[in-house]
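Using the sequences and the accompanying hints, generate a full structural model.
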Amino acid sequence: MTQTFQEEAVHAPAHGSPADSKREWRKYFSFSTDHKVIGIQYLVTSFIFYLVGGFLATLVRTELATPQSDFVSPDLYNGLFTVHATVMIFLWIVPAATGAFGNYLIPLLIGTRDMAFPKLNAVAFWLIPPGGILLMSSFFFGAPGSGWTSYPPLSLIYNKIGEVIWILSVLILGTSSILGAVNFIVTILMMRAPGMTLNRMPLFCWSMLAASCLILIGTPVLAGALILLSFDLLIGTAFFNPTGGGDPVVYQHMFWFYSHPAVYIMILPVFGLISEILPVHSRKPIFGYKAIAYSSFAISFLGLIVWAHHMFTSGTPPWLRMFFMINTMIIAVPTGIKVFSWLATIWGGKLRLNSAMLFAMGFISMFVIGGISGVMVASVPFDIHVHDTYFIVAHLHYVLFGGSVFGLYAGIYHWFPKMSGRMMNETLGKVHFILTLVGFNLCFLPMHKLGLEGMNRRVAEYDPKFATLNLVVSIGAYILAVSTFPFLFNVVWSIFKGEKAPSNPWGGLTFEWQTFSPPPHENFSIDPVLLIEPYEYGTEEAKEIIKAGPFLATTVGAKV
Amino acid sequence: MNIPSSIATLLVGILLTVVSVWYGQNHGLLPVQASEEASLIDGLFNLMMTIGTGLFLIVQGTLIYSLFKFRRRPDDDTDGPYIEGNIPLEILWTSIPAVIVLIIAVYSFDVYTQIGGLDPMNHSAMAHGQGTQQVAQRPGAAIAAPLPDDGDNASGTRSPEVAAEAMQDPATAAVRDESVPQQNDSSAMGSTAPRIGPTPDKAGQPPAYVINATGLQFAWLFTYPDTGIVAGELHVPVGQEILLNISANDVLHAFWVPEYRLKQDAIPGRQTELRFTPSKVGEYPVICAELCGAYHGVMKTKVIAQTQADFDAWLKEQQVASNPDQLNEAIATAEQSPAQFLAPFVHGLGIDAQVIQQLHPEHMHASAS
Numbered sequence: 001m002t003q004t005f006q007e008e009a010v011h012a013p014a015h016g017s018p019a020d021s022k023r024e025w026r027k028y029f030s031f032s033t034d035h036k037v038i039g040i041q042y043l044v045t046s047f048i049f050y051l052v053g054g055f056l057a058t059l060v061r062t063e064l065a066t067p068q069s070d071f072v073s074p075d076l077y078n079g080l081f082t083v084h085a086t087v088m089i090f091l092w093i094v095p096a097a098t099g100a101f102g103n104y105l106i107p108l109l110i111g112t113r114d115m116a117f118p119k120l121n122a123v124a125f126w127l128i129p130p131g132g133i134l135l136m137s138s139f140f141f142g143a144p145g146s147g148w149t150s151y152p153p154l155s156l157i158y159n160k161i162g163e164v165i166w167i168l169s170v171l172i173l174g175t176s177s178i179l180g181a182v183n184f185i186v187t188i189l190m191m192r193a194p195g196m197t198l199n200r201m202p203l204f205c206w207s208m209l210a211a212s213c214l215i216l217i218g219t220p221v222l223a224g225a226l227i228l229l230s231f232d233l234l235i236g237t238a239f240f241n242p243t244g245g246g247d248p249v250v251y252q253h254m255f256w257f258y259s260h261p262a263v264y265i266m267i268l269p270v271f272g273l274i275s276e277i278l279p280v281h282s283r284k285p286i287f288g289y290k291a292i293a294y295s296s297f298a299i300s301f302l303g304l305i306v307w308a309h310h311m312f313t314s315g316t317p318p319w320l321r322m323f324f325m326i327n328t329m330i331i332a333v334p335t336g337i338k339v340f341s342w343l344a345t346i347w348g349g350k351l352r353l354n355s356a357m358l359f360a361m362g363f364i365s366m367f368v369i370g371g372i373s374g375v376m377v378a379s380v381p382f383d384i385h386v387h388d389t390y391f392i393v394a395h396l397h398y399v400l401f402g403g404s405v406f407g408l409y410a411g412i413y414h415w416f417p418k419m420s421g422r423m424m425n426e427t428l429g430k431v432h433f434i435l436t437l438v439g440f441n442l443c444f445l446p447m448h449k450l451g452l453e454g455m456n457r458r459v460a461e462y463d464p465k466f467a468t469l470n471l472v473v474s475i476g477a478y479i480l481a482v483s484t485f486p487f488l489f490n491v492v493w494s495i496f497k498g499e500k501a502p503s504n505p506w507g508g509l510t511f512e513w514q515t516f517s518p519p520p521h522e523n524f525s526i527d528p529v530l531l532i533e534p535y536e537y538g539t540e541e542a543k544e545i546i547k548a549g550p551f552l553a554t555t556v557g558a559k560v
Numbered sequence: 001m002n003i004p005s006s007i008a009t010l011l012v013g014i015l016l017t018v019v020s021v022w023y024g025q026n027h028g029l030l031p032v033q034a035s036e037e038a039s040l041i042d043g044l045f046n047l048m049m050t051i052g053t054g055l056f057l058i059v060q061g062t063l064i065y066s067l068f069k070f071r072r073r074p075d076d077d078t079d080g081p082y083i084e085g086n087i088p089l090e091i092l093w094t095s096i097p098a099v100i101v102l103i104i105a106v107y108s109f110d111v112y113t114q115i116g117g118l119d120p121m122n123h124s125a126m127a128h129g130q131g132t133q134q135v136a137q138r139p140g141a142a143i144a145a146p147l148p149d150d151g152d153n154a155s156g157t158r159s160p161e162v163a164a165e166a167m168q169d170p171a172t173a174a175v176r177d178e179s180v181p182q183q184n185d186s187s188a189m190g191s192t193a194p195r196i197g198p199t200p201d202k203a204g205q206p207p208a209y210v211i212n213a214t215g216l217q218f219a220w221l222f223t224y225p226d227t228g229i230v231a232g233e234l235h236v237p238v239g240q241e242i243l244l245n246i247s248a249n250d251v252l253h254a255f256w257v258p259e260y261r262l263k264q265d266a267i268p269g270r271q272t273e274l275r276f277t278p279s280k281v282g283e284y285p286v287i288c289a290e291l292c293g294a295y296h297g298v299m300k301t302k303v304i305a306q307t308q309a310d311f312d313a314w315l316k317e318q319q320v321a322s323n324p325d326q327l328n329e330a331i332a333t334a335e336q337s338p339a340q341f342l343a344p345f346v347h348g349l350g351i352d353a354q355v356i357q358q359l360h361p362e363h364m365h366a367s368a369s
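Each protein sequence line maps, in turn, to chains A and B.
If you count by this note's numbering, then the first sequence holds residues 1 to 560, one letter each, in order.
If you count by this note's numbering, then the second sequence holds residues 1 to 369, one letter each, in order.
To be clear, the hints were calculated from the coordinates, so they are not data collected in a lab.
No residue lacks a Cβ here, since even glycine has one placed at the ideal position from N, Cα and C.
Accuracy of the hints is not assured; some may be wrong.
Claimed, not checked - Which bits of chain B does chain A cover? Going by a derived footprint, with three or more residues having C-beta under 8 Å, they are:
1) 31-44
2) 80-91
3) 280-291
What the hints assert, rightly or not - 20 Å max Cα-Cα, derived EDC-like pairs, lysine to aspartate or glutamate:
4) Lys280/B to Glu36/B
5) Lys449/A to Asp42/B
6) Lys350/A to Asp76/B
7) Lys300/B to Asp463/A
8) Lys302/B to Glu283/B
9) Lys350/A to Glu36/B
10) Lys547/A to Asp76/B
11) Lys543/A to Asp42/B
12) Lys547/A to Asp75/B
13) Lys449/A to Asp463/A
This is the structure in structure tokens:
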């Protein structure tokens with residue numbers, strides 16, 4: 001009996017014969033309601049936008065390789081950095097972390113067949129491509145040039161058509177995010193397998209729950225801010241326009257009320273991915289499950305009351321600056337708990353140093369640097385010096401690239417076998433990791449010094465004394481650009497020629513590893529029941545379950 | 001759980017502490033300190049750098065150590081030890097960061113008060129009102145009546161009042177856009193003009209100098225009230241407290257001097273303030289630190305911190321230069337005939353002073369003789 005099951009596992013029906021592939025690829029371009037298809041749609045689409053955003057970044061860094069503004073026009077330059085940030089946030093990290101991994105993993109992790117609202121899920125995805133194409137089209141009309149923060153009064157007078165396009169596109173992408181969040185919350189709360197209480201569900205689900213709450217509370221406020229901004233732009237109201245008696249600072253409050261939680265939306269799911277990946281490749285339980293689970297909610301709650309730390313030099317009264325400083329400092333504590341828990345998970349384990357694990361460890365390494373600079377900028381007297389300088393650019397990239405992107409790469413390497421039924425090439429993965437690590441640090445580490453020494457941000461031209469460091473930074477950026485090639489080649493080659501993946505190549509204990517790679521349409525042939533908690537590595541039970549293969553771990557009384 | 005030997009851990013801990021403390025004080029990352037506030041802020045940064053370096057070394061060290069020590073042996077397919085948590089350890093690594101963060105928060109609060117951030121004692125009314133002792137320090141300054149004091153919710157802190165007072169200076173009125181309505185600051189909050197106010201030792205006293213700074217696309221204009229001076233570069237005397245009254249004409253800008261460590265947004269429709277004391281003679285960049293359009297990167301000027309004597313001389317020069325009536329008087333200061341005046345300039349030219357005087361029209365010297 002066992003034999004038959006294992007043979008079936010190898011000859012799983014999904015990515016098998018060429019005839020199947022010919023029909024199968026179409027579903028990724030359709031209005032599919034299968035969460036796995038949608039997850040992959042999100043992943044591929046957002047990755048394409050990552051490459052677009054990265055290309056814009058290399059253009060920015062080409063301009064900044066020399067002190068003079070001599071590569072592109074100042075107008076185009078402003079458009080480049082504005083769209084770069086907008087693409088990276090709304091078209092890469094948010095959709096990839098929530099839409100791609102959230103959708104693909106949640107039903108599998110909780111042992112159900114699909115999300116609570118499959119059609120809503122498809123609608124949420126299909127808002128992304130038009131939103132993205134609309135944003136990119138702004139380059140034909142004069143790209144928006146007021147930064148992704150789009151502060152009035154500048155955004156009311158500069159490249160107005162591009163600005164309107166920007167507003168519309170962000171509204172569309174924000175809507176997609178909200179629809180997804182509804183789905184995640186309902187699915188996680190209502191559809192877990194029997195036996196899976198909240199305290200026995202995988203940590204990724206905890207982090208998605210926390211992130212989804214932030215999306216629901218924050219994004220509508222951004223929509224409000226942008227709609228009012230568009231009224232000022234289009235029909236002559238004066239919410240933020242000082243010549244009409246409006247207040248630009250109110251826009252900042254409304255904008256940051258969403259945009260600060262947005263950064264936690266971008267990092268919390270990735271925290272969850274790391275919490276899933278580290279135990280599997282360390283062969284050890286996650287250290288401090290409850291601490292990691294509840295700290296996600298602490299971060300989520302605190303994340304809603306820190307927004308004005310982006311406004312320490314703006315139109316904020318002194319008592320307000322102190323209030324937000326204290327809240328921001330407090331967030332370091334739950335974040336620190338997570339980092340130490342992850343270190344303790346690795347410590348004493350039996351580390352399998354494959355690409356997924358390297359990126360996961362790289363995540364911890366780089367994110368901590370961003371966290372340290374984050375606590376520094378939380379301090380008002382210090383932030384007064386470094387606000388709007390390259391120190392902030394360094395901080396944000398250490399947490400968003402060193403954090404989120406490294407984590408997303410770890411997730412791709414870890415779940416690629418499950419998604420595609422193929423293994424990725426490990427040598428190419430390691431080359432990718434080294435190039436990314438080197439290029440990333442060369443690019444962003446010197447920016448700390450640049451900011452402290454006096455280089456402001458969002459500039460095409462700078463003081464020649466900063467020339468050498470900027471050249472180093474630009475070289476790092478080019479190395480980062482090159483680093484994507486081994487990864488892309490690896491993905492494409494592996495899909496067609498990669499070694500066939502077994503159902504559980506890593507010996508994982510969560511539900512997704514107890515079914516075929518890729519999973520069949522309804523994920524599991526029998527509705528699973530939780531028999532073992534998700535991180536019980538090192539127990540006899542775990543060994544039995546991993547050895548038994550697909551299905552048997554998740555069915556009641558099916559031991560053969 | 002594998003815990004390495006206590007001695008090794010102790011030695012590593014000591015090394016780490018020493019390195020962190022040293023680097024925190026010797027990082028060489030900040031520019032020179034040119035204001036009294038800068039040294040306070042740098043002290044705070046040095047502490048944060050020490051703590052950050054220590055944390056960085058601990059985390060990276062643990063990761064690198066684990067990478068080598070806990071690598072799976074190729075023939076070992078077994079799992080690691082079943083360790084799910086350790087409550088005392090978790091309490092430790094929750095409380096230590098909490099204490100560290102508390103220390104940094106308290107220290108930051110203290111520095112903020114010391115640089116005048118909280119400004120609880122001083123009302124803008126007092127800053128903008130002028131006592132008699134001001135006259136000697138500000139040549140040509142008119143004595144404006146102090147604004148009425150409404151108690152703690154002081155008037156004179158609201159943007160309209162501050163703006164109106166700035167506009168009393170004709171030079172400032174000429175450069176500022178008066179069509180932008182000035183926002184009220186929120187009434188319930190006391191003195192709320194976004195600002196860095198006087199340091200506590202100077203609280204309650206007016207600043208030595210008030211200068212109006214106006215940001216526009218893409219330049220700064222500094223006007224010195226009641227002197228008629230409009231300058232593109234900010235001249236300040238060292239050792240005196242300066243109040244910079246900042247606004248913008250069109251979009252958001254921000255006034256930033258890295259060597260002073262001080263920055264404040266310039267907001268059209270609002271009045272903001274920076275109060276600081278320059279401590280070092282020299283020229284330092286004034287950089288716009290809020291995206292203001294295509295040429296944000298070149299919106300730069302200088303702050304020239306001078307000795308009191310040099311600053312007074314500059315003020316006098318500028319007042320003369322900006323006053324057209326005084327122009328001719330300023331030029332011909334010697335009681336000499338044109339020939340006598342021109343004599344030094346013809347030396348070496350091989351011409352007679354007389355010849356030059358004939359060439360030069362007589363009527364232009366009418367007021368000089």
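Need the list of violated hint numbers for this structure, in ascending order. 9 and 11
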